[in-house]
Amino acid sequence: MHIEGLFPIPVMRVEKVFNDSELDALQDVIDSSPKIANAKTDLLTHTEPLGSNDIDQLGDLNERLQDYFRDFGFLLFGENLRWTIKELWMNVSVTGGAQLIHTHANSLITAVIYLTDVHPSARIIFHKPMGGTNFVFSNSHENSTTTPYNAERWIPDEVNRGDMVFFPSHLLHAVPPNQGDQTRISIAMNALPERLKSWDYEVQFAN
Numbered sequence: 183m184h185i186e187g188l189f190p191i192p193v194m195r196v197e198k199v200f201n202d203s204e205l206d207a208l209q210d211v212i213d214s215s216p217k218i219a220n221a222k223t224d225l226l227t228h229t230e231p232l233g234s235n236d237i238d239q240l241g242d243l244n245e246r247l248q249d250y251f252r253d254f255g256f257l258l259f260g261e262n263l264r265w266t267i268k269e270l271w272m273n274v275s276v277t278g279g280a281q282l283i284h285t286h287a288n289s290l291i292t293a294v295i296y297l298t299d300v301h302p303s304a305r306i307i308f309h310k311p312m313g314g315t316n317f318v319f320s321n322s323h324e325n326s327t328t329t330p331y332n333a334e335r336w337i338p339d340e341v342n343r344g345d346m347v348f349f350p351s352h353l354l355h356a357v358p359p360n361q362g363d364q365t366r367i368s369i370a371m372n373a374l375p376e377r378l379k380s381w382d383y384e385v386q387f388a389n
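Take 183 as the starting number for the sequence shown in the working numbering and just add one per residue.
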């Protein structure tokens, strides 16, 4: 008997992309930056969108992270393309702060840098697509077992300070309420490739 996992969706975690001194400097930047309250809760705040060169402590993020975007993009599109970070923003979630389920429009790869260790209660949750307007049948109860084929969500085993997570921007995701005592701080970013091509049809993305 052979069972194949058809059309899997990749999520990539890279450990310790940034060192402690860089992360400390970034937290100082966040502490001194103006913040905007999330539309749904004052316990989650964001900075204004920034460019890939706007944080001096990180240098040129586009160049620094290019290999990661290239390798992850290869999984999605089967070609080593050059990627451009279109925007990034910082997220600060105190105890009780959460982010509702959402996707990122007009983007193909989304990545998150974690400036703090993440309490188990506040790890990012990836959700299976919710489907259309048809009836949905499910078999989920105390005697059923969750498998890779019937699971409705997935949570990383751990996410630590300095790590990055990459995922397709269309993938539904959320952050549940932070039940830890430590503030959860991250930097999210969206990226696009130089172009996509399907036979004679090519779409180019402006830098």
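Note that these hints are calculated values from the structure, not bench results.
The beta-carbon is built from N, C-alpha and C at its ideal position, and this holds for glycine as well.
One should not assume that every hint holds.
[Said to hold, decoys possible] Label-pair distances were calculated between CB atoms; the ranges are:
(1) Asp253 - Phe387: 15 to 23 Å
(2) Thr329 - Gln364: 15 to 23 Å
(3) Thr266 - Pro190: 20 to 28 Å
(4) Ser203 - Asn235: 43 to 51 Å
(5) His184 - Arg246: 40 to 48 Å
[Claimed, not checked] Restricting the straight-line Cα-Cα distance to at most 30 Å, the calculated cross-link-like pairs of lysine-lysine (DSSO-like) are:
(6) Lys268 - Lys310
(7) Lys198 - Lys268
(8) Lys310 - Lys198
(9) Lys217 - Lys198
(10) Lys310 - Lys379
(11) Lys217 - Lys268
(12) Lys222 - Lys268
(13) Lys379 - Lys222
(14) Lys310 - Lys222
Comparing the hints with the structure gives:
1. Asp253 - Phe387: 15 to 23 Å: About 19 Å separates the Cβ atoms of Asp253 and Phe387, which means 15 to 23 Å holds.
2. Thr329 - Gln364: 15 to 23 Å: 34 Å, violated
3. Thr266 - Pro190: 20 to 28 Å: Given about 26 Å between the Cβ atoms, the range holds.
4. Ser203 - Asn235: 43 to 51 Å: 20 Å Cβ-Cβ, so the 43 to 51 Å window is violated.
5. His184 - Arg246: 40 to 48 Å: 42 Å, holds
6. Lys268 - Lys310: 26 Å, holds
7. Lys198 - Lys268: Holds - the C-alpha atoms of Lys268 and Lys198 are around 23 Å apart, at most 30 Å.
8. Lys310 - Lys198: 28 Å, holds
9. Lys217 - Lys198: It holds: about 26 Å lies between the C-alpha atoms, which stays within 30 Å.
10. Lys310 - Lys379: 27 Å, holds
11. Lys217 - Lys268: 20 Å, holds
12. Lys222 - Lys268: 25 Å, holds
13. Lys379 - Lys222: 39 Å, violated
14. Lys310 - Lys222: Holds - the C-alpha atoms of Lys222 and Lys310 are around 23 Å apart, at most 30 Å.
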